[in-house]
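Novice: Below, each chain spelled out in residue letters.
There are 2 protein chains.
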Amino acid sequence: MPHINEGNQTMSQYDVVVSAVEQARQRVVPYVRHTPLAPLPQAQTDLPSQLRLKLENLQVSGSFKARGAFNNLLLASPEQRDRGVVVASGGNHGLAIGYAARRLGVPATVYLPNSASEDRATRIARQGATVRRYGDNPSDTFRHSLEHAERDGLLYVHPFDAEGTIHGTGTLGLELLDDLPEIDCVLIAIGGGGLIGGMAATLKQLRPNVRIIGVEPVGAAKMLPSIQAGEVVELPGVRTIADTLAPRAVSERTLRLAERYVDEIVLVDDGQIVAAMRWLWIECNQLVEPAGAAVIAAALSGAVNVDSYAHPVALICGGNAAAEPIFAGYEQIVTTLADFSK
Amino acid sequence: MPHINEGNQTMSQYDVVVSAVEQARQRVVPYVRHTPLAPLPQAQTDLPSQLRLKLENLQVSGSFKARGAFNNLLLASPEQRDRGVVVASGGNHGLAIGYAARRLGVPATVYLPNSASEDRATRIARQGATVRRYGDNPSDTFRHSLEHAERDGLLYVHPFDAEGTIHGTGTLGLELLDDLPEIDCVLIAIGGGGLIGGMAATLKQLRPNVRIIGVEPVGAAKMLPSIQAGEVVELPGVRTIADTLAPRAVSERTLRLAERYVDEIVLVDDGQIVAAMRWLWIECNQLVEPAGAAVIAAALSGAVNVDSYAHPVALICGGNAAAEPIFAGYEQIVTTLADFSK
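Line order of the protein sequences matches chains U and L.
Sequential numbering from 1 applies to the first sequence in the working numbering.
Sequential numbering from 343 applies to the second sequence in the working numbering.
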């Protein structure tokens, strides 16, 4: 069989059926928010005023991950839900599963790598999930959590490589088309590729002329080299402030979706990401996590020329910035004021 | 004339007529947001679940000050509006006047003390207002801005001591009664006293049994000593992280309103305020300025026993946290990651 046909075979195995995304939307709509598609404030001048922000940082659990989490749990049988769910996640997937599991009465265990911040662990535990730390790198955490699920016959939900997850992120494509039928460009951050895979497949099948632009942090760029190589490239290491965009590899599924449906991928560095977080705070009063600001970094830095589109959208994927760096500055001020008053 | 009558005389001069607050609401309603009265997330446990948060940090311009700003500008004659408005403000009043002036096409000049952060100045200038720095302490800034207004015959809007401002903050009382007619307690931060004055007067006249609890930072407590002294007490200095609660004195008007309508005043310190900011971020994904978290500090610290009310509300007065301390931590991380990669 020639290579090209193998590729098509693989693609058809992973392709996204729009009616399945529509069914996913019916499934999750009682539980997730139709998030705002906000115009920029009139007073700002750094970005063209036609750019709109899709604020998934205001989604339940603080990120788009809630869509896939609910879809996967609702697809499981009542018996599976009763037994419980296991996931591994340093961040938003764990929070989303914790949130969805609590809403649906499903026992949940979330594995975190030892390096995960105390803030993340606390937030997930607050949802009622059992939090376990295991492994010094995310691959060990992942393997261990999968063994746990298999041993105990529990539902396992992969953070990005599952059909239910892709259909969940596809619902964001449907929402954008409802709110802005004339959309002609969307900027989407890439971590494992589940967000861009589901959104791009849904949007491109319904509106072939929408330009899909992916954004990766330069210190954890894995989709771009994978597309260039024609196969999944695993990075030896990652280094970026956008921790929720930092798995070491995409999956076969998300790679094939990106090959087919993504028009362009651009890279941004950490300094640009933090500048974009600051911009979102000052201009829009939205504090987001670094991953959530990556698309704004791409626009502000000129990596993407947003001006050339009439109805562009930047997908702000999440808002769960860790508390530690945010409050370090404030706690320093309290200490200084207290010292000064002695 | 006996002292008690003098007091009554003064009071009647300053009293708030509810129908005037209702008129103010009609005036400002096309321009300000009916902000959410949000229940606490189900997962949190530190505060009783019946506590609701009135999120004025989501108000246009990022704080409740927009209500008074619009009311004052809309009360002015078209000729006054054409000539322009002058204010002095280190923070939210300046932002609110800047925002309202832009919406209404009024030329605005905002004076800031030399010590105001670059972030505040930038935000106000972005609204299109002329920003001028003058004076090393806010009293000098205030005096100078007033001279400017008088010299040029411009409208001057005091940050808290104006009838139009008090009627503007009173609209928050009407909104709370619309959304929660059974309200039995409200926690309100005190800066100059304009917020609590307008809200307390409106609420108490319509619902005498609502308990009004004021919250002051211990390093800038001026309403409590003024009530104890029976006259306006000017502090020799202030020291608090809640910079928008830090004028050195309340006014005769706000003191008389507080004497009449406020049931209790509690104090919180800076450490409690920052802990409350962190709590609001972790539990509610709301980043607010220190002043906005003061009421939560009062509840978390036990200074107010929120549990003893059936329908209590915490008024989150503003969200305009300065960007500098928030992003210092993130910029440190970027530097560390960059050093590590050399």
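Honestly, the hints are just simulated from the structure, not real lab data.
Remember, predicted model here, so these are calculated numbers, not experimental data.
Treat the hints with care, since some could be wrong.
Claimed, not checked - Listed next, the stretches of chain L that the computed footprint assigns to chain U, with coverage defined by at least 3 CB atoms under 8 Å from CB atoms of chain U:
#1 468-476
#2 508-514
#3 580-587
#4 620-627
Unchecked claim - Output of the computed footprint for chain L on chain U, the stretches with three or more beta carbons under 8 Å from beta carbons of chain L:
#5 15-21
#6 278-287
Ideal Cβ positions, reconstructed from N, Cα and C, are used throughout, including at glycine.
Novice: Compare the structure with the hints numbered earlier in the document and write down the numbers of the violated ones, lowest to highest.
Specialist: 2, 5
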